[in-house]
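Novice: Residue numbers (the numbering used here), protein chains in the order written: chain R, 1 to 392; chain U, 393 to 784.
Among the hints, a few may not be true.
What the hints assert, rightly or not - Reference listing, derived: stretches of chain R covered by chain U, where coverage requires no fewer than 3 residues with Cβ under 8 Å from a Cβ of chain U: (1) 19 to 28; (2) 34 to 48; (3) 67 to 78; (4) 236 to 248; (5) 256 to 264; (6) 375 to 387.
Rather than coming from a laboratory, the hints here were simulated on the basis of the structure.
Computed from a predicted structure; not experimentally measured.
Glycine included, each C-beta is placed from N, C-alpha and C at the ideal position.
There are 2 protein chains.
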Amino acid sequence: MRIDAVDLFYFAMPEITSEADGSQDALLVRVAAGGHVGWGECEAAPLPSIAAFVCPMSHGVCKPVGASVLAQRLEGPDDIARIANRVGYDSMDLLQAAHTFSGVEMALWDVLGKQRGEPVWSLLGYDTNHAKIPYASLLFGDTPQQTLDRGRKARADGFKAAKFGWGPIGRGTADQDGDHFVAAREAIGPDGHLMVDVGQIFGEDVDIAAARLPALDASGALWFEEPFQAHAFEAYAALAQRPSAVQIAGGEGAHNVAMARHLMSYGKVGFIQIDCGRIGGIGPAKMIADLASASGITYVNHTFTSHLALSASLQPFAGLADHRICEYPAQPKQLAVDLTRNHLERNPVGEIRAPDAPGLGIDVDLPSLAGYLVDAEIKVNGQVIYRTPKLT
Amino acid sequence: MRIDAVDLFYFAMPEITSEADGSQDALLVRVAAGGHVGWGECEAAPLPSIAAFVCPMSHGVCKPVGASVLAQRLEGPDDIARIANRVGYDSMDLLQAAHTFSGVEMALWDVLGKQRGEPVWSLLGYDTNHAKIPYASLLFGDTPQQTLDRGRKARADGFKAAKFGWGPIGRGTADQDGDHFVAAREAIGPDGHLMVDVGQIFGEDVDIAAARLPALDASGALWFEEPFQAHAFEAYAALAQRPSAVQIAGGEGAHNVAMARHLMSYGKVGFIQIDCGRIGGIGPAKMIADLASASGITYVNHTFTSHLALSASLQPFAGLADHRICEYPAQPKQLAVDLTRNHLERNPVGEIRAPDAPGLGIDVDLPSLAGYLVDAEIKVNGQVIYRTPKLT
Chain R
1 MRIDAVDLFY FAMPEITSEA DGSQDALLVR VAAGGHVGWG ECEAAPLPSI AAFVCPMSHG
61 VCKPVGASVL AQRLEGPDDI ARIANRVGYD SMDLLQAAHT FSGVEMALWD VLGKQRGEPV
121 WSLLGYDTNH AKIPYASLLF GDTPQQTLDR GRKARADGFK AAKFGWGPIG RGTADQDGDH
181 FVAAREAIGP DGHLMVDVGQ IFGEDVDIAA ARLPALDASG ALWFEEPFQA HAFEAYAALA
241 QRPSAVQIAG GEGAHNVAMA RHLMSYGKVG FIQIDCGRIG GIGPAKMIAD LASASGITYV
301 NHTFTSHLAL SASLQPFAGL ADHRICEYPA QPKQLAVDLT RNHLERNPVG EIRAPDAPGL
361 GIDVDLPSLA GYLVDAEIKV NGQVIYRTPK LT
Chain U
393 MRIDAVDLFY FAMPEITSEA DGSQDALLVR VAAGGHVGWG ECEAAPLPSI AAFVCPMSHG
453 VCKPVGASVL AQRLEGPDDI ARIANRVGYD SMDLLQAAHT FSGVEMALWD VLGKQRGEPV
513 WSLLGYDTNH AKIPYASLLF GDTPQQTLDR GRKARADGFK AAKFGWGPIG RGTADQDGDH
573 FVAAREAIGP DGHLMVDVGQ IFGEDVDIAA ARLPALDASG ALWFEEPFQA HAFEAYAALA
633 QRPSAVQIAG GEGAHNVAMA RHLMSYGKVG FIQIDCGRIG GIGPAKMIAD LASASGITYV
693 NHTFTSHLAL SASLQPFAGL ADHRICEYPA QPKQLAVDLT RNHLERNPVG EIRAPDAPGL
753 GIDVDLPSLA GYLVDAEIKV NGQVIYRTPK LT
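Make the full structure from the sequences, and use the hints.
Specialist: Here it is in structure tokens:
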């Protein structure tokens with residue numbers, strides 16, 4: 001088959017706040033090929049990502065993503081890799097291209113799986129689809145009490161693992177942060193997995209980050225996530241050397257395979273967290289899962305949006321039995337819930353699995369999303385090069 | 393003073409070809425503050441970069457670049473660094489932000505220099521503005537004869553140094569590439585500096601790249617530029633280990649300080665090449681110049697567009713006497729020539745210097761650029777969030 005059409009849909013909540021909550025808007029990608037339709041989602045700023053798909057060419061290696069995708073042959077996984085290489089080379093000077101292509105690439109796997117009647121994890125070469133322990137991904141409250149309340153709600157919802165992130169952590173003293181860690185542990189219980197995410201708050205300052213290690217140890221945190229900027233491999237490695245039982249985690253900012261590889265090889269993280277909506281899609285994420293598995297590093301998905309993104313993010317490590325924990329957006333905005341008709345519900349023992357259905361196994365009901373649709377238009381020299389497609 | 397306005401102008405040649413020639417379009421940035429006007433230029437895809445400045449916020453750390461710049465205080469270099477940090481953190485999930493901000497940051501230095509009546513290199517802390525040997529930056533011809541002709545023209549134009557790049561190199565055999573290197577050396581003469589740029593053609597394949605080393609050695613090339621993808625530090629380091637007198641060069645793809653630093657520390661390049669229009673502007677480039685200088689690595693600008701970009705790119709290493717070579721766009725498209733009223737002409741011994749005038753010392757004559765102006769408009773929910781400004 002050939003790639004007949006790629007449509008980009010920009011959705012948003014009625015109000016966007018400055019919370020670090022990536023589920024407040026969405027860039028949904030629809031790919032049509034050979035009579036089938038596939039879906040993907042970019043974890044990215046919608047408008048610049050759309051512009052990167054449709055913009056005029058600047059020069060030979062600064063082409064729009066669309067130029068490398070539309071009308072291409074799509075017969076098997078090799079074609080997806082070939083298209084990805086094309087985007088990588090022909091758009092090497094278009095920084096946003098990786099984020100744009102991430103959603104497109106997911107949709108290519110979805111189309112291919114539907115055409116073959118095969119789940120994506122199987123197309124990736126896995127013969128078993130292992131269940132994962134979902135952790136509730138939550139934001140820290142403004143106060144330890146709020147943190148406690150959010151964590152208790154997650155526990156009451158049946159989660160045995162929770163990650164708390166962002167909020168006030170790193171903006172006050174290490175002791176104040178410690179109070180939140182204590183509250184988080186109390187909420188999730190002594191037997192739960194507890195993880196902490198600080199969203200790059202320490203820049204490259206190893207000492208200030210390390211000042212949080214004793215409280216993290218005391219609360220029995222499994223990992224300490226994104227203490228530093230996404231490229232600060234030296235700082236990651238230095239923190240990993242400090243005496244502590246807590247492992248360092250990171251990787252959601254990786255927008256190509258090399259960046260994630262370097263966070264493992266140079267940055268010495270114990271957990272590598274990949275967002276398929278940023279790294280270039282499912283194929284690059286699978287490469288990192290393979291590398292992590294071979295290096296004794298645990299692969300974890302990064303997912304804070306819809307269950308379409310969640311299904312995509314489970315595929316690259318669905319076949320890795322020992323990589324047990326997965327991120328699960330526990331309190332997403334309603335947009336992320338409504339984006340898909342079906343959801344990856346937890347089974348009686350509280351675990352989830354990637355769908356066994358063809359492709360990504362997730363249904364999108366476009367007409368039901370009318371209330372979230374952002375009407376956007378881009379014109380160049382009088383010609384409309386992008387207009388929000390109809391919801392049909 | 394406060395930053396009163398930022399205007400983005402998208403210009404393009406009437407025809408854009410798939411040549412690797414970045415001077416075919418331009419994104420010019422004008423900043424107004426305290427009654428002064430400053431200019432900068434992004435080396436980036438114009439439309440996605442514009443979108444990254446004006447787009448709606450997605451969440452707390454996926455804000456448009458404009459939100460971190462407009463109405464900010466601008467009293468000294470510390471304010472520019474503060475604004476840069478704001479962009480880095482508040483736009484951490486907006487990949488294109490670094491390219492967008494690069495042109496804005498240049499313009500901030502230009503404004504500040506004009507307000508103080510001081511050149512940017514002086515604001516950066518240098519007390520001397522050293523002359524540089526400009527190398528003609530040329531594309532390889534389709535045939536060795538064309539390469540010879542282009543090189544001879546540069547030599548006749550008085551250049552004692554030339555860099556040939558892209559074209560057919562790496563697409564045929566090592567012997568075919570060698571014929572081009574011989575032609576290039578013949579053109580520039582036995583006493584000229586010869587450099588070779590292959591534009592990431594070898595991906596991460598060290599052996600295929602290394603197969604070019606004997607011919608590069610035979611032609612007395614000073615450096616072998618961008619053999620690999622911008623993030624392929626392991627491949628860079630492996631090639632640097634191979635027996636050859638040729639040093640490896642790279643860095644133009646760096647879109648933050650850490651990436652360029654890693655190409656030096658992990659990638660072991662001998663020359664680090666920074667494009668101020670991509671790395672985040674002049675401030676980050678100066679950090680890399682300092683690091684290179686302290687590490688025995690030679691700093692070189694990457695500039696393939698206008699003399700506004702050239703002036704900006706000279707500032708970060710203007711005070712480094714031992715870093716002698718600079719890239720000089722020798723055959724830019726007419727747009728890049730017309731973009732500025734004055735140009736950095738070579739002195740009687742064929743060298744150039746950053747202007748001693750306030751700011752970047754480059755005049756832009758907007759009304760004269762009418763023929764190149766691209767008329768663009770971005771609308772979101774019925775509201776125009778970007779429209780090409782008037783040329784006044």
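Novice: For every hint, state whether the structure bears it out.
Specialist: Each hint tested on the structure:
1. For the region 19 to 28 of chain R, the stated coverage by chain U holds: 6 residues have a C-beta nearer than 8 Å to a C-beta of that chain, and at least 3 were required.
2. Interface restraint, the region 34 to 48 of chain R with chain U: holds (6 residues with C-beta to C-beta distance below 8 Å; minimum three).
3. Only residues whose C-beta sits within less than 8 Å of a C-beta in chain U count toward coverage, and the region 67 to 78 of chain R has 0 of them, not enough to reach three; the restraint is violated.
4. Note: the region 236 to 248 of chain R has 0 residues with beta-carbon separation from chain U under 8 Å; the three-residue rule is not met and the coverage is violated.
5. Restraint check on the region 256 to 264 of chain R versus chain U: 4 residues with Cβ-Cβ distances below 8 Å, three needed, restraint holds.
6. Given as covered by chain U, the region 375 to 387 of chain R passes the check, having 8 residues with a CB less than 8 Å from a CB of that chain where 3 are the minimum.
In this structure, the earlier hints numbered 3, 4 are contradicted, and the remaining ones agree with it.
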